[in-house]
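Start from the sequences, fold in the hints, and give me the full structure.
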Amino acid sequence: MLDGWLDGYTLSLLIFAGINAIAAYSFFAPFKTGQVSLGQAGFMAVGAYTSAIATQKFGMPFAAALVLGALLAGIIGVVVGFPALRIKGVYLLLLTIGFAEIISVIAMSWEYVGGAQGFRGIRYNPFTLEYVIGIIVLLLLFFSRLERSSLGRAMDAIHQDETAAEVMGIDVVRIKLLAFGLGAAIAGLAGALYAHQATFMDSTTFNILLAVEILVFVVVGGGSTYWGPLFGAALLNAFPEVLRGLREWLELVPAAWTSSHAMHVIYGFLRDFLDFENAKRLIAYGIILIVTMIYRPNGLLTREQLRQLHPSRSRARHA
Amino acid sequence: MFCQQLINGLMLGASYALVAVGYTLIFGVLNLLYFAHGEVFMVGAFAGLFLVLYAGVGIFGALVGAMIICALIGLVAVNVAVRPVSKDYPLAPLISTIGLTMVLQNSAVLMFGGQQVAFPETIRQELYHLGPITIGSVQVFILVVAITLMVLLWLMIEHTKLGRAIRATAENHETAALLGVDVNRVVLVTFMIGSGIAGVAGVLDGIKNSGVSPFMGLGAAVKGLIVMLLGGLGNVLGAMVAGVLLGIVEILSAAYIGTTQRDFFSFLILIVILLIRPTGLFGTRTMEERS
Chain A
1 MLDGWLDGYT LSLLIFAGIN AIAAYSFFAP FKTGQVSLGQ AGFMAVGAYT
51 SAIATQKFGM PFAAALVLGA LLAGIIGVVV GFPALRIKGV YLLLLTIGFA
101 EIISVIAMSW EYVGGAQGFR GIRYNPFTLE YVIGIIVLLL LFFSRLERSS
151 LGRAMDAIHQ DETAAEVMGI DVVRIKLLAF GLGAAIAGLA GALYAHQATF
201 MDSTTFNILL AVEILVFVVV GGGSTYWGPL FGAALLNAFP EVLRGLREWL
251 ELVPAAWTSS HAMHVIYGFL RDFLDFENAK RLIAYGIILI VTMIYRPNGL
301 LTREQLRQLH PSRSRARHA
Chain B
320 MFCQQLINGL MLGASYALVA VGYTLIFGVL NLLYFAHGEV FMVGAFAGLF
370 LVLYAGVGIF GALVGAMIIC ALIGLVAVNV AVRPVSKDYP LAPLISTIGL
420 TMVLQNSAVL MFGGQQVAFP ETIRQELYHL GPITIGSVQV FILVVAITLM
470 VLLWLMIEHT KLGRAIRATA ENHETAALLG VDVNRVVLVT FMIGSGIAGV
520 AGVLDGIKNS GVSPFMGLGA AVKGLIVMLL GGLGNVLGAM VAGVLLGIVE
570 ILSAAYIGTT QRDFFSFLIL IVILLIRPTG LFGTRTMEER S
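If you read the sequences in order, they're chains A and B.
In this text, residue positions in the first sequence follow our numbering: the first is 1, and each later residue adds one.
In this text, residue positions in the second sequence follow our numbering: the first is 320, and each later residue adds one.
Derived by calculation from the structure, the hints in this document are not laboratory data.
All C-beta atoms in this analysis are idealised placements derived from N, C-alpha and C, irrespective of residue type, glycine included.
Please note that the accuracy of each hint is not assured.
As the list claims (entries may be wrong) - From chain B, some residues computed to sit far from chain A (all C-beta separations above 10 Å): (1) I442; (2) G455; (3) R483; (4) T494; (5) L497; (6) V560; (7) L571; (8) F583.
To be verified - According to the in silico footprint, chain B covers these stretches of chain A (three or more CB under 8 Å from chain B): (9) 91-100; (10) 207-219; (11) 290-304.
Written as structure tokens, this is what we have:
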């Protein structure tokens with residue numbers, strides 16, 4: 001449908017950015033109740049391996065495998081979420097890291113899914129972009145409804161102060177589990193989409209660095225509003241491409257302009273600066289992360305800001 | 320065979336303990352998970368490598384140099400990524416140090432490439448046979464340096480004025496400040512000590528594996544976190560004991576069960592400890608009780 005007017009490079013770029021955005025929502029769901037997980041890559045791995053086994057070994061259609069992967073990731077999410085109820089902060093972070101590492105060890109030592117050689121020859125899904133767009137739209141609708149529902153308000157209350165929320169009669173255990181399982185299921189979707197787009201994965205594909213990147217999207221974009229994860233993922237995925245585009249423009253500068261030594265030095269510096277390989281991209285992410293935390297610890301977009309865009313609505317709320 | 324494995328485990332554990340000690344010191348005074356510590360360890364290893372290759376210093380020079388360089392990096396890190404960040408958002412300092420991790424790791428990738436770089440032989444490897452046990456001079460050196468460093472740190476914390484100030488700050492910032500402790504200075508010094516020790520640990524790791532890589536910090540960071548938790552957050556002696564313990568468990572499970580399962584066991588220990596005894600093996604207070 002869409003590949004007619006997009007070249008292959010842009011297409012794959014959009015697809016992976018979209019998968020990143022979905023993964024960002026998987027972090028956002030438990031984060032709404034104040035649970036910070038660095039194990040979302042582990043849930044992506046569960047979804048990816050489950051769906052790939054379903055399509056490759058059992059010949060299931062992709063849509064069914066996608067749902068299966070999300071379901072299993074969600075169930076495992078609830079199981080992991082149970083112990084996560086008792087612990088928070090640093091401890092939860094460590095627990096989720098531990099979970100993701102155990103998943104990775106299992107993927108490495110399980111010969112049925114390729115072991116250390118990796119899972120090869122996964123069936124390519126030609127409609128990933130359509131799936132990605134559809135899922136992002138659904139997620140946006142879902143989270144926008146959630147924000148105005150009693151469940152969403154209960155989640156905010158738990159995020160603010162768990163004890164106070166419990167005193168107010170909110171079923172903290174149920175809601176935190178729900179949020180954790182939901183996040184895991186969304187991660188499962190992202191993983192399944194990834195597996196059938198890349199057609200190859202191994203035990204290091206869904207590593208802690210990926211989990212950190214997912215966290216960065218949400219934290220930079222803004223964790224207090226449902227637009228934040230999408231905004232963060234879009235911004236940070238577009239950033240290196242914009243610089244790449246600038247570099248291509250730079251190539252168009254006529255040689256005569258850079259004949260003087262000073263201009264030549266400036267030109268060379270600019271060209272190197274805009275040459276954005278992976279390491280430089282991650283350094284830039286790191287700097288953006290630190291600067292964001294210093295100046296906007298709530299992220300670039302906040303719910304209050306978005307409310308100001310709708311003056312009538314915000315007045316009604318404060319009346 | 321068993322004794323041999325025990326010695327190997329002790330060796331591995333000593334390097335875990337060195338990383339974890341820094342973590343736990345920093346956690347103690349700031350009540351904050353400082354994510355970039357593993358990358359300081361990596362920078363220390365590269366600093367040691369460069370000192371050996373280009374400054375022509377011996378192994379002791381490399382150790383001292385890496386210690387100083389890492390202490391300075393710790394000083395910069397705390398001023399760039401920790402102190403400017405508001406404490407009102409509990410997540411903010413954690414995330415900014417994750418940012419610092421990314422900057423340090425990828426700067427190393429940019430400078431040295433993503434491959435492992437060989438660490439030259441600085442100590443002649445001689446094997447000593449003590450009955451059924453074989454131990455190399457490199458291993459002896461690593462063990463001696465690690466144990467000396469930990470004993471010195473322990474003496475410093477228990478018996479000097481600075482050590483007392485660090486303990487008071489870890490107990491409670493306000494009370495310590497009221498009693499005349501310059502809390503800011505103590506935090507800085509603690510960061511420098513922890514980072515310096517991590518630098519030494521990095522060089523030792525480089526010697527042990529005869530190579531350093533920009534990605535060595537991540538593994539060290541995660542293992543260091545497990546050890547810190549096992550020993551109890553902020554408990555320096557606990558971290559030392561737990562480091563050795565984890566090293567021995569890993570080596571034994573690798574020897575008797577299988578090498579791919581080695582990490583599985585350390586993460587299993589992590590999860591079990593989190594669930595049944597978040598205070599660590601020695602019953603230190605948990606994070607909630609501290610704050």
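Practice prompt. Identify every previously stated hint that the structure contradicts and give their numbers, smallest first.
Written response: Of the numbered hints given earlier, the structure breaks just one, which is hint 8.
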